[in-house]
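**Q** The primary structure of each chain is shown beneath.
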Amino acid sequence: MKTVKADVLIVGASMASSAAAKRLVDAGLEVVALERRTLPREKVCSGILSPRGHRFLVENFGPLPDETLHEPKSCRGVTFHFPSMISIPMDFTGGPTPHLYRKYSDHWAITRSGVIVHDNTTFTGLEDTGRYINVRARREGAEVLYTVRFVIGADGPKSAVTKALYPGYRKGIPWFMVGQKFQKIIECPLDSDYFHFWFHPGLGHYTWSHERNNQQIVGVGFPSGGNLHKAHANVERYLEEKHGVRLEPAERLEGLAQNFGPSLINRYVFGKGNVLITGQAAGFFNMLAEGMSCALHSGAIAGESISEAVRRNRPVQEIYRALIASEVKRCTDQWNPLRIIFGNPHEADFKASFGKLSRKEKLTVIRELADFLKIYAPYRWGRQILSQSLVRMLTGEYSSGRWL
Amino acid sequence: MRDGDRKNILMTEYNINKEKPAPENSIWKTVGAQTNPSRWDGARWSSFVDHISARGVTVHAGRADTSVFVSDAGGLALGMPHGVVRPSSASDISEVLKAAQEYEVPVTTRGGGLTTEGESVAFGGLLLDMSSMNRVLRIDPDGMTVRTEAGIYWHQLAEVLRRDGLDYLSAPLNLTSSVGGTLGVGGIDINSPRLGCSADQCLSLKVVTPTGEIVECSTDHNPDLLERVLLGYGQFGVITEATLKVRPFTPIIMKYFYYSSLRTAVEDLQFIANEDAADYSGILTIMDKAINLLVAFDSDEREKGFNLRWRRHLRGHGEINFGLRMAGYYLTHPWRLREASYLIGRRLTLFPEFSRPEYMHDNKIVDRTVVFSRAVWKFWGGSKMVIPDLAASEEKFIEAVERGNEVCRKYFRHYTLYCVGIKLSGRRERYEMSCIPPDARGMAYGCEFEPMLRDTDYSRDYLQSFKNEIYDIGVDMGLSYYRFGGMMKGYVRKAFGDELVDKHREMKRKADPAMILNRDVIF
Chain A
1 MKTVKADVLI VGASMASSAA AKRLVDAGLE VVALERRTLP REKVCSGILS
51 PRGHRFLVEN FGPLPDETLH EPKSCRGVTF HFPSMISIPM DFTGGPTPHL
101 YRKYSDHWAI TRSGVIVHDN TTFTGLEDTG RYINVRARRE GAEVLYTVRF
151 VIGADGPKSA VTKALYPGYR KGIPWFMVGQ KFQKIIECPL DSDYFHFWFH
201 PGLGHYTWSH ERNNQQIVGV GFPSGGNLHK AHANVERYLE EKHGVRLEPA
251 ERLEGLAQNF GPSLINRYVF GKGNVLITGQ AAGFFNMLAE GMSCALHSGA
301 IAGESISEAV RRNRPVQEIY RALIASEVKR CTDQWNPLRI IFGNPHEADF
351 KASFGKLSRK EKLTVIRELA DFLKIYAPYR WGRQILSQSL VRMLTGEYSS
401 GRWL
Chain B
405 MRDGDRKNIL MTEYNINKEK PAPENSIWKT VGAQTNPSRW DGARWSSFVD
455 HISARGVTVH AGRADTSVFV SDAGGLALGM PHGVVRPSSA SDISEVLKAA
505 QEYEVPVTTR GGGLTTEGES VAFGGLLLDM SSMNRVLRID PDGMTVRTEA
555 GIYWHQLAEV LRRDGLDYLS APLNLTSSVG GTLGVGGIDI NSPRLGCSAD
605 QCLSLKVVTP TGEIVECSTD HNPDLLERVL LGYGQFGVIT EATLKVRPFT
655 PIIMKYFYYS SLRTAVEDLQ FIANEDAADY SGILTIMDKA INLLVAFDSD
705 EREKGFNLRW RRHLRGHGEI NFGLRMAGYY LTHPWRLREA SYLIGRRLTL
755 FPEFSRPEYM HDNKIVDRTV VFSRAVWKFW GGSKMVIPDL AASEEKFIEA
805 VERGNEVCRK YFRHYTLYCV GIKLSGRRER YEMSCIPPDA RGMAYGCEFE
855 PMLRDTDYSR DYLQSFKNEI YDIGVDMGLS YYRFGGMMKG YVRKAFGDEL
905 VDKHREMKRK ADPAMILNRD VIF
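Protein sequence lines, in the order shown, are assigned to chains A and B.
With my numbering, letter number 313 in the first sequence gets 313, and the count goes up by one each step, no holes.
With my numbering, letter number 104 in the second sequence gets 508, and the count goes up by one each step, no holes.
Looking at chain A on its own, in the form it has when it is part of the complex (with noise of 0.2 Å):
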């Protein structure tokens, strides 16, 4: 069999792991990234990046090559929807940012990151011996070993990883589908320069709409389970009848299952001992632009965790876990009501575009957001961000004891 030796082993070639990768190269350790799939590949996502997650990526990769991006090429904000009709569009705080092909993107950033990649390589498990990690991969076919002192676990919502060291784990959270379609535009009135989401309980959990490469993408996600083609004909009808939205029939479909959840709650999962989990796979999850920031800033945390583990001899879970708590508070502050209301988590101002409107339209508003959160109810969330919410304000930060 085939041995590696190194000092760290990333799971996933993705955002998380070249945060992770960079941090680590840049400090001198000997990294290996595994990545399943054949280099570049394709990702299903909406490609919209948030401010801070563009200022990461330049800052630690450089200004992004024209390759890596979609046409429009950059996006200058959300625009949100309601039933009654109210639109409400909000610019990204310090102008637009860029509409990334996932693709090039991920491939150029784990390029630029300096580590080695393996790609077409498989994680099938692990065993930490304590003085080393043992992980089993494979690669077409023959087995390879891989004997490291770290593990990073950036392998997406169903990480492998964090399968092997929590076999339960999978089970025990609630899992969405989202699917979208590519279809080329006959006529489209949402204005290009914008990510569309609607809060329409009756079109899905989680309904979205944007331009790409003269394609409009929609997007629907709900509980795994449903039918995508249905849910997606019923959001493709709204949009014709409400907005005027005209399309040929889908090109393409993409479709993912997705870890939403965790990061609402406060229920992060950051592994054990040598092995931590990091990016989408720890919880990281975040919609509307925010998915890839802090996919960036928690791998960024997990490789600066190791490098601050060996220089400073201190067991790492403990300073990944100290280091973590600015990212926790960042991802689930912006679910967090209190947070919403007094503070501003996001970076598009939504309080100031919610201003603009009438007193009677943000009645409305509010009444037709209650309404869309009441599809949630089965997942009995709303007490737990309450009780979150109610630990953030008095203490300042969310409590780590609910991390796995």
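Among these hints, one or two may not hold up.
Cβ-Cβ distance ranges computed for the label pairs, FRET-style [as the list claims (entries may be wrong)]: (1) Glu806/B / Gly94/A: 18 to 26 Å; (2) Arg131/A / Arg667/B: 52 to 60 Å; (3) Ile340/A / Gly786/B: 30 to 38 Å; (4) Asp371/A / Arg719/B: 22 to 30 Å; (5) Lys907/B / Pro174/A: 54 to 62 Å.
Simulated from the structure, these hints should not be mistaken for lab results.
Just so you know, even glycine gets a beta-carbon here, dropped at the ideal spot from N, CA and C.
Got chain A sorted already, so can you dock chain B onto it with the hints?
**A** Just chain B now, with coordinates in the frame of chain A:
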């Protein structure tokens, strides 16, 4: 574009290590620059090493040799050189730089390594550890000058000068920053309101230019080079020797005034600076409602003069008076007790450091460099140090301090502001694109915002957000910064504008065709 083409273009784009301009049409400029540089790929490294080794320069490339330089005092920027050279002469450096131009190997200079933004961290390439050039060459007590190698720490220099009853004019308040490094960025002391920044006490320099020429420069001889190298952030040459002005050494008498309003304290600091009322002055906050304005004097006469003429104009309180006021405040705000205990703790531990018996003689501090440096490291040192700052003209300074204070409050429970004036020596070319704000006339002011990190755990990106938010104030108000290099260089263009930056970049390109010397610092 077809995917195949895209991939080919990308692969060439990804792999380039040389700087490339940001794409036109671009939204990227608003964000800044790559402030955590990619590691240099090591192309032609071994030929380079062979080349300089054959000329008698030793390159240390073992992991133990390079890994001690993985970071700087800031502890946030990480990078490893391919090898380290400890030069023993200007000609060693000349050989290194000539070869570096030919083989396109990045060279990073490092003195005491007391940068906080990774300016002295090598992201691959060669690191010049200048601390090997640390001899004092000549002291001229008649002309009141000293000639020294530039890798010397200010503290070592002070030790040597003391033997002749002399002192340098001004230097950073810590023991191990180097003369060369300080001249390259400015250098601020609490006597800067009278004596200017450390770079301004320099009379002449020996510099190795990025192409390897060894050149002596002063205001009379090669003045252009002098003006480029002083406050030049290491872009225009390696300083190997410097001639500095010196003055007689004096113990100092220190006094404190306490304020509960930042604005009042800053106004009084500016008053003292404008009136030349004290030999040393600065503000050090414990909290934003417990502010310490310190003044010090070189002689009893100066102190007497201060007491007679200026003391009564200051609105600060003495310690007992202020203590009583604070006691009153906390008795009526008992829920703030934790704050009070922090304050008392600080009073009991920090202040005695400034009057330790071993450094006191006749109620005077005998060596302020030692006393201040010890205190700085003991109370503000830690594995990470984050010190964003704002440098402003007199008019804009108070607003800058107050806005920066609001940002600190948002991010940290405990932090210190350190404010000091900097006297300018006329309109020097060296001030262009430096920490001296363009609109400052006669006097500039700087404020450092320093969270008390000690060994608390904050992620680098949390700290970066904090720094960014402070620096955004600078962009908004048209200020400058002391630390705009390294991890903060995204602000260089925002603060100074494209025209000025391009002008300096053009000069840099001329002086350093392969862009190898300290290339990741500001451009």
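**Q** Taking 30 to 38 Å as the stated bounds, is the beta-carbon spacing between Ile340/A and Gly786/B within them?
**A** Taking Cβ atoms as reference, Ile340/A and Gly786/B lie about 35 Å apart, which means the hint holds.
**Q** So does Lys907/B sit 54 to 62 Å from Pro174/A, Cβ to Cβ?
**A** holds, 58 Å
**Q** For the range 22 to 30 Å, tell me whether the beta carbons of Asp371/A and Arg719/B fit it or not.
**A** violated, 59 Å
**Q** Indicate whether the distance between the beta carbons of Arg131/A and Arg667/B respects the range 52 to 60 Å.
**A** holds, 58 Å
**Q** When you take the CB atoms of Glu806/B and Gly94/A, is the distance between them in 18 to 26 Å?
**A** holds, 23 Å
Checked against the numbered hints given earlier, the structure breaks only hint 4 and satisfies all the rest.
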